Amino acid sequence: MGDLKPIPEQVRPECRALAENLRELFGTVGVSLRVLAVRLHYDAGTVSRYLNGTVVPPAEFVDQLFTHAAKAAGRPPATEVVAHVHTLQRRALQATNKVGWELQRLRDRLADADRQRQQAEVRAEALSEALLVRKQRIAEMEVEQRRIAVAAAGRETRGAELDRLRQEREEVTAERDRLREEVARLQDALAQARRQALEAERRCEALEHQLQAEEEAAGAKAQSEEPASHRLSHAQEQVVVAEERARQLERELAALRSRAAAPDDRSPVESGRVPDVWGGVPRRNPRFTGRDELLAEVRERLEAAPP
1 MGDLKPIPEQ
11 VRPECRALAE
21 NLRELFGTVG
31 VSLRVLAVRL
41 HYDAGTVSRY
51 LNGTVVPPAE
61 FVDQLFTHAA
71 KAAGRPPATE
81 VVAHVHTLQR
91 RALQATNKVG
101 WELQRLRDRL
111 ADADRQRQQA
121 EVRAEALSEA
131 LLVRKQRIAE
141 MEVEQRRIAV
151 AAAGRETRGA
161 ELDRLRQERE
171 EVTAERDRLR
181 EEVARLQDAL
191 AQARRQALEA
201 ERRCEALEHQ
211 LQAEEEAAGA
221 KAQSEEPASH
231 RLSHAQEQVV
241 VAEERARQLE
251 RELAALRSRA
261 AAPDDRSPVE
271 SGRVPDVWGG
281 VPRRNPRFTG
291 RDELLAEVRE
301 RLEAAPP
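The opening position of the sequence shown corresponds to residue 1 in my numbering, with each subsequent residue numbered one higher.
Quick caveat, the hints were computed from the structure, so don't treat them as lab data. Some hints here could point you the wrong way.
Said to hold, decoys possible - No more than 20 Å apart at the CA atoms, straight line, and that leaves these computed lysine to any residue pairs for SDA-like:
#: 1; residue 1: Lys98; residue 2: Arg16
#: 2; residue 1: Lys135; residue 2: Lys98
#: 3; residue 1: Lys135; residue 2: Arg169
#: 4; residue 1: Lys5; residue 2: Ala70
Claimed, not checked - Pairwise CB distance ranges (calculated):
#: 5; residue 1: Arg115; residue 2: Lys5; range: 15 to 25 Å
#: 6; residue 1: Lys71; residue 2: Ile7; range: 23 to 33 Å
#: 7; residue 1: Ala44; residue 2: Ser258; range: 16 to 26 Å
#: 8; residue 1: Lys135; residue 2: Arg164; range: 22 to 32 Å
#: 9; residue 1: Ala130; residue 2: Thr79; range: 28 to 38 Å
#: 10; residue 1: Leu249; residue 2: Arg12; range: 39 to 49 Å
#: 11; residue 1: Lys5; residue 2: Thr79; range: 29 to 39 Å
#: 12; residue 1: Lys71; residue 2: Glu171; range: 56 to 66 Å
None of the values given here were measured: they were computed from a predicted structure. Here a beta-carbon is modelled for each residue, glycine too, at the ideal position from N, C-alpha and C.
Produce the complete structure using the sequences and hints provided.
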């Protein structure tokens, strides 16, 4: 796990516990962080935040990581380990993202209802097959009963043979009655399984509608909050730019002060100082565009002065 930095100190305990377990799975996969990100179709920075505990990953990421770890290890993970990591993911989500946690709870309830629906449907199908087998066996028993009755009514049937047929008919009748009782029990169980499947289906539909409504509400809330976050980000960027500009101006001001304090050995012309003979002439503004007019006026004043 050389690609990973230590988990930051400010990470919550719930997130730290999850990140530590995810890092173990990452180590089992045995690839670099960027390769793992490509395999899972995630951005490398996002995967890094998941494994550092600064962001709680979705349940889908955890399941994908388990799948790749199982492929690398050559065996599926223990059920207890999967359940433990799933519990850690839910706890971390609850501690950091209430809306996300509520949505995950709804998804878990929907998945549980769907499992119950599938189990009820499988049980109903198995009961239907068993019921069909029992009914076919009852039909065979009734055919056998009629055969025995016909054989017993024959004129040639006497004595021991008649007793054997009567005994056989009683056994067939008992078997038929037992099968009929079993058919009745299977019919009740089948009806119950179908009711359970229907109830589970209705729960799934209700949870799907609830989950859709919650996801739409969460999306609308996130969309409404997005401009504010953009404004905050822009304001922060402006603060950074202003601070950098202030530091630059401070450096320029310090440089100007240092140059002003240094002795000037240059000639008056080189230094830009006004000669003493021009004491009445103001310092030239380098941005002043009327230089020629001002010089002409000064020349006229000098010529008009008494000797």
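Hints, one by one, checked against the model:
Between lysine 98 and arginine 16, the direct Cα distance comes to roughly 18 Å. Compliance with the 20 Å bound is thereby established for this hinted pair. For the proposed pair lysine 135 and lysine 98, the alpha carbon gap of about 55 Å is over 20 Å, so the pair is violated. Distance restraint check for lysine 135 and arginine 169: the Cα-Cα separation of roughly 19 Å lies within the 20 Å cut-off, and the hinted pair is therefore satisfied. Taken as a hint, the lysine 5 and alanine 70 pair is broken in the structure, with Cα atoms around 24 Å apart against an allowance of 20 Å.
Distance hint for arginine 115 and lysine 5: a CB-CB separation of about 39 Å, inconsistent with the stated range 15 to 25 Å. Checked against the hint of 23 to 33 Å, the pair lysine 71 and isoleucine 7 passes, with Cβ atoms roughly 26 Å apart. Under the hint 16 to 26 Å, the C-beta atoms of alanine 44 and serine 258, about 47 Å apart, miss the expected range. Remark: the range hint 22 to 32 Å for lysine 135 to arginine 164 is upheld by a beta-carbon distance near 28 Å.
Checked against the given bound of 28 to 38 Å, the beta carbons of alanine 130 and threonine 79, roughly 30 Å apart, stay inside it. A hinted range of 39 to 49 Å holds for the C-beta pair leucine 249 and arginine 12, which are about 42 Å apart. For the pair lysine 5 and threonine 79, the beta carbons lie near 32 Å from each other, so the given range of 29 to 39 Å is met. Checking the proposed 56 to 66 Å range against lysine 71 and glutamate 171 shows it holds: the Cβ atoms sit about 58 Å from each other.
Comparing the model with each earlier hint shows violations of hints 2, 4, 5, 7; every other hint is respected.
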